[in-house]
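Trainee: Next come the chains, spelled out residue by residue.
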Amino acid sequence: MGQSFSGYRRPDGRVGVRNHVAVVPTSVAAAAVSSAVADDAGAWARATPHQLGTSQPDAARRQTERVLAGVGRNPNVGAALVVELGTEDITADAVADRIAAGGTATETLTIREAGGTAAALSEGADRLDRLNEEAQRARREEADVSELVFGVECGGSDATSGIAANPAVGAACDRLVEAGGTACFSETPEFIGAEHILADRCVDDETRDKLLERVDAREGMAELMGVDLRGAQPTPGNQEGGLTTIEEKSLGAISKGGTTPVRGIADYAEDLPVGGGLTLMDTPGYDVESVVGKVSGGAQVIAFTTGRGSTTGNPIAPVIKVTGNPKTWEKMSNNIDVNAGTVFDGESIDSVGERVFETLLEVADGRQTESEHRRLEEFAINEIQPEELEAEAGA
Amino acid sequence: MKGRVLDDALLLLSESDNVGTTVDDLGSGTEVDFDGRTVVLSENVPFGHKVAVESFSAGDEVRKYGEVIGTATQAIAAGEWVHTHNCESTRGRGDRAAAGGETA
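Just so you know, the protein sequences line up as chains A and B, in that order. Heads up: the first sequence is residues 1 to 395, going by our numbering. Heads up: the second sequence is residues 1 to 104, going by our numbering.
Derived by calculation from the structure, the hints in this document are not laboratory data. Treat the hints with care, since some could be wrong.
[Stated by the list, open to error] Distance condition first, Cα-Cα at most 20 Å in a straight line; then the derived DMTMM-like pairs of lysine to aspartate or glutamate:
no., chain 1, residue 1, chain 2, residue 2
1, A, K210, A, D271
2, B, K2, B, D33
3, A, K327, B, D33
4, B, K2, A, E354
5, A, K210, A, D200
6, A, K331, B, D25
7, A, K327, A, E370
8, B, K2, A, D271
9, A, K327, B, D8
10, A, K331, B, D24
11, B, K2, B, D24
12, A, K327, B, D24
13, B, K2, A, D345
14, B, K2, A, D350
15, B, K2, A, E347
16, A, K327, A, E347
17, A, K331, A, D345
18, A, K327, A, D345
Note that the structure is predicted; figures quoted are calculated from it, not measured.
Model the full assembly from the supplied sequences, consistent with the hints where possible.
Mentor: Below is the structure:
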């Protein structure tokens with residue numbers, strides 16, 4: 001018997017580490033009502049407000065819908081309310097059907113049909129109460145650590161990220177993968193300059209080819225637009241923190257996934273396998289969108305490393321913050337869960353990795369992270385840009 | 001920590017690296033022993049930034065983690081700060097493609 005935690009087993013067999021009722025708007029037009037309904041209900045209700053409009057080009061719309069459905073299907077969600085204005089290309093019914101297909105209790109709310117925002121708030125409150133009753137039937141039960149899908153992310157990187165925090169989180173990923181679980185890291189622009197190392201670790205040619213193709217596509221966007229990636233990567237903050245080039249940033253970034261073979265590469269917000277080993281996800285480098293992609297893919301817990309300090313959380317998955325910068329720990333320890341800056345005092349990467357892994361199990365068991373305490377719940381969906389659509393059409 | 005710390009001052013992440021990472025804010029004149037040679041910092045270098053432990057000519061590869069992280073854009077002497085003012089990426093350079101007329 002491996003290590004275990006207690007979680008909520010869902011009808012589809014996956015295990016949640018939280019039991020939220022998600023309030024999911026299908027467009028920006030339903031975002032304010034979704035947030036208000038969730039806020040009025042209490043901390044058990046979690047809204048996922050975003051800025052995407054009521055109408056998008058086909059490929060962009062399909063991706064948005066996949067994210068919305070994925071968020072509702074995340075095993076941390078016990079029930080979901082899908083909210084629309086009523087004029088969206090993405091209907092609440094379509095998203096709710098995809099969520100309900102996994103056995104999750106869902107309801108929909110249409111602001112226009114309800115008779116405007118005031119009436120929608122009142123109807124929304126009733127529906128949320130019913131959904132919460134449904135969700136509250138779930139009880140924590142023992143689950144094996146191999147059932148965890150652990151998403152890892154970095155943001156506000158500096159030179160300590162690649163030296164301390166990322167390798168420590170990577171050591172935790174190695175432990176989880178060894179125990180049979182799934183670890184996932186993303187942000188394809190931050191594979192540039194390190195893709196040869198990842199390619200060598202791919203389990204088969206198909207995975208390798210897909211990885212290299214995705215890196216080419218992300219790098220190609222800079223060429224397509226005739227711009228220099230250096231303006232944005234590394235960011236001015238990364239540069240102040242000692243990172244000079246994207247290659248340097250990437251070489252540090254990939255260490256957060258550990259050292260095990262790369263078993264697959266998922267599209268943005270595509271389902272991540274349970275018990276799948278190390279899996280990559282093709283996402284942009286914007287950390288909030290990248291975290292959301294992995295949560296939509298089913299990650300129950302996120303580890304987020306930062307050198308310069310980041311307070312980012314997520315409404316659906318607890319986010320464990322790890323810093324390798326002793327000064328950042330000193331200044332921002334109330335926003336950070338694990339201090340990896342101790343490697344500069346001689347603690348081994350392996351020992352910090354063990355602390356990250358223990359924190360992962362405790363958080364899975366119900367311990368609140370610093371970002372959960374403070375209800376820091378950033379949410380953003382990656383919108384496929386016109387240039388990307390054109391590039392795809394021309395390919 | 002992975003790698004080797006020289007004189008509690010510079011972290012060499014791989015033996016093939018030609019830059020070290022400072023593990024503290026270091027002042028100009030700081031002396032670091034690197035395998036019997038003394039590298040003297042010619043300027044202040046903040047925590048986490050890089051210092052040349054060998055001399056570079058323009059165009060030479062800059063190595064950290066045992067990998068190429070960019071190229072020197074000018075001559076760099078051992079002990080100098082290595083950053084965006086004298087080292088650049090070779091990747092994601094749409095500007096070069098544009099200058100060469102290769103952009104779609």
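Trainee: Can the restraint linking B/K2 and A/D350 be considered satisfied, given a maximum Cα separation of 20 Å?
Mentor: holds, 10 Å
Trainee: Would the pair A/K327 and A/E347 pass a check requiring their Cα atoms to be no farther apart than 20 Å?
Mentor: Given that 20 Å is the threshold and the Cα spacing comes to 17 Å, the pair holds.
Trainee: Run the distance test for A/K331 versus A/D345: straight-line Cα separation, threshold 20 Å.
Mentor: Distance ~18 Å between A/K331 and A/D345 Cα, so the pair holds.
Trainee: Going straight from one Cα to the other, do B/K2 and A/E347 come out at no more than 20 Å?
Mentor: This hinted pair holds, its Cα atoms lying about 11 Å apart.
Trainee: Measure nothing beyond the straight line between the CA atoms of A/K327 and A/D345; if it is 20 Å or shorter, mark the hint as holding.
Mentor: holds, 13 Å
Trainee: When you check the alpha-carbon spacing of A/K327 and B/D8, does it fall within 20 Å?
Mentor: Within the cut-off at roughly 18 Å; holds.
Trainee: Is B/K2 close enough to A/D345, meaning Cα to Cα at most 20 Å?
Mentor: Status holds; Cα separation ~13 Å.
Trainee: Quick one, are A/K327 and B/D33 close enough, alpha carbons at most 20 Å?
Mentor: violated, 26 Å
Trainee: Given the hinted pair A/K327 and B/D24, is their alpha-carbon gap at most 20 Å?
Mentor: holds, 11 Å
Trainee: With a cut-off of 20 Å on the C-alpha distance, tell me whether A/K331 and B/D24 pass.
Mentor: Holds, at about 17 Å.
Trainee: B/K2 and A/D271: Cα distance at most 20 Å?
Mentor: Status violated; Cα separation ~34 Å.
Trainee: Hinted pair, alpha-carbon criterion (20 Å max): A/K327, A/E370. Please report holds or violated.
Mentor: With Cα atoms ~18 Å apart, A/K327 and A/E370 stay inside 20 Å; holds.
Hint check: violations occur at hints 3, 8; the rest are consistent with the structure.
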